[in-house]
Amino acid sequence: MSLADLLILFGGMGLVTYLPRALPLVYLAHRQLPKWFVEWLGLIPVAILSALVAPILFADPVGRTLELGKPELIVAVPTLLFAVKTRSLGGTVLVGMGLYWLADMVM
Amino acid sequence: MPQNEKNGSCETPVAGEVIRRGAAAAWPICLGYLPIGLAFGVLARQNGLEWWAVGLMSVMVFAGSAQFIAVAMLASGAAAPAIIAATFFVNLRHTLMSSALAVHLSGISRRFLALFAYGVTDESFAVNMSRFRGGNWSPWHALAVNHLSNAAWICASIAGALAGQFVPEGAFGIDYALTGMFICLLVIQVYGMIHVITALVAALISIAWYIALPGASYIVGASIAAATVGYLLKRIWERGA
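For the protein sequence lines, the chains are A and B, in the order given. Position 32 of the first sequence, counted from 1, bears residue number 32 in the working numbering, the numbering being contiguous throughout. For any residue, its number in the working numbering is found by taking its place in the second sequence, counting from 1, and adding 107.
FYI, nobody ran anything at the bench for these hints, they're computed from the structure. Everything numeric in this text was worked out from a predicted model, so none of it was measured. Just so you know, not all the hints are guaranteed correct.
What the hints assert, rightly or not - Here are some, though not all, of the chain A residues that point toward chain B, as calculated from beta-carbon distances under 8 Å: (1) Met13; (2) Val16; (3) Val38; (4) Ile44; (5) Pro45; (6) Val46; (7) Ser50; (8) Phe58; (9) Leu66; (10) Thr92; (11) Tyr100.
C-beta: ideal position from N, C-alpha, C; glycine also.
Please model the entire structure based on the sequences and the hints provided.
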């Protein structure tokens, strides 16, 4: 690809990534939001993170089928307990990586 | 619910304090981005992108999963409009995140918001939301988290393109960094039973949606559905109590 092609591609990708990030902020931060909307938005963080992580733990990414007992899921149990106990993001990342590495060698 | 008590204004921050506390909050994100950025750099290099093009893409786009998809699509010969469309749909979830962040950034200058928006990712969003909730967290601290994470992503992806082939595949469990990060980010968003229920509903819907439909619509779809179910349940309980 030529530099011009790359710039067009990356520019387009950047624009469609930036606008969904910027428009709600710029628009909503200067408005009085109704109470129900603020309460609904308060549930969005848990909902998004759970929606992001659940298929990683419970589904096969190639065939898109339900899969119970993936190493990702087995490692997630102690990782989750560690996160609940410590609430440490860095610690949880390291513990998860260590356990997954271990699981990879054992299984 | 106290929303704007402690972060209402952009008062003059002390740069050193902002960067120090921002870095303390951001280092786990940077740690998680390191393996993913390296992996992305290696993959992009193998598919014909030069190291500087990898860096340019990370600067101009800054969206992990969309960048992986773009490289895979480039390799299969997809044209720019198709890649841009895929990027749009994969990143549409950030609309929800920016909306939720707006609650904590109300009344702040549009120029600041325009700069802030560039760094809104799954990870910086979750870290900043929990810090805002905890109080004593200003927009400047949040901005520091966003841009430190961004710098780590750019550096890691370039490093991956230049030297990634020397990192053995699967070493140190690096493939689990993002999953571990998501698990903890989820845990620190939970403040009560309604959050637990919303998370469980989101997981069930997202798995079913992921299996039933191709693409990435399951993220936004399950999030909106679960937040709505959670909100309605909360209303019913409050009325019953």
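Results of checking the hints against the structure:
The criterion of a C-beta within 8 Å of any C-beta in chain B is met by methionine 13 of chain A, whose closest approach is roughly 4 Å, and the hint holds. Hint status for valine 16 of chain A: holds, given a least beta-carbon distance of 4 Å to chain B, under 8 Å. Interface restraint check: valine 38 of chain A against chain B, minimum CB-CB distance 6 Å, threshold 8 Å, status holds. This hint holds: isoleucine 44 of chain A has a C-beta 5 Å from the nearest C-beta of chain B, less than the 8 Å allowed.
Taking 8 Å as the C-beta cut-off, the interface hint given for proline 45 of chain A holds, the closest approach to chain B being about 4 Å. Satisfaction of the interface hint for valine 46 of chain A is found here, the shortest Cβ-Cβ separation to chain B being roughly 5 Å, below the 8 Å cut-off. Hint status for serine 50 of chain A: holds, given a least beta-carbon distance of 4 Å to chain B, under 8 Å. With a least beta-carbon distance of about 5 Å to chain B, the hint placing phenylalanine 58 of chain A at the interface is held under the 8 Å criterion.
A distance limit of 8 Å between C-beta atoms decides the matter here; for leucine 66 of chain A the minimum to chain B is near 6 Å, and the interface restraint holds. Here the hint on threonine 92 of chain A is kept, as its CB sits about 4 Å from the closest CB of chain B, short of 8 Å. Hint on tyrosine 100 of chain A holds. Least Cβ distance to chain B is approximately 4 Å, under the 8 Å limit.
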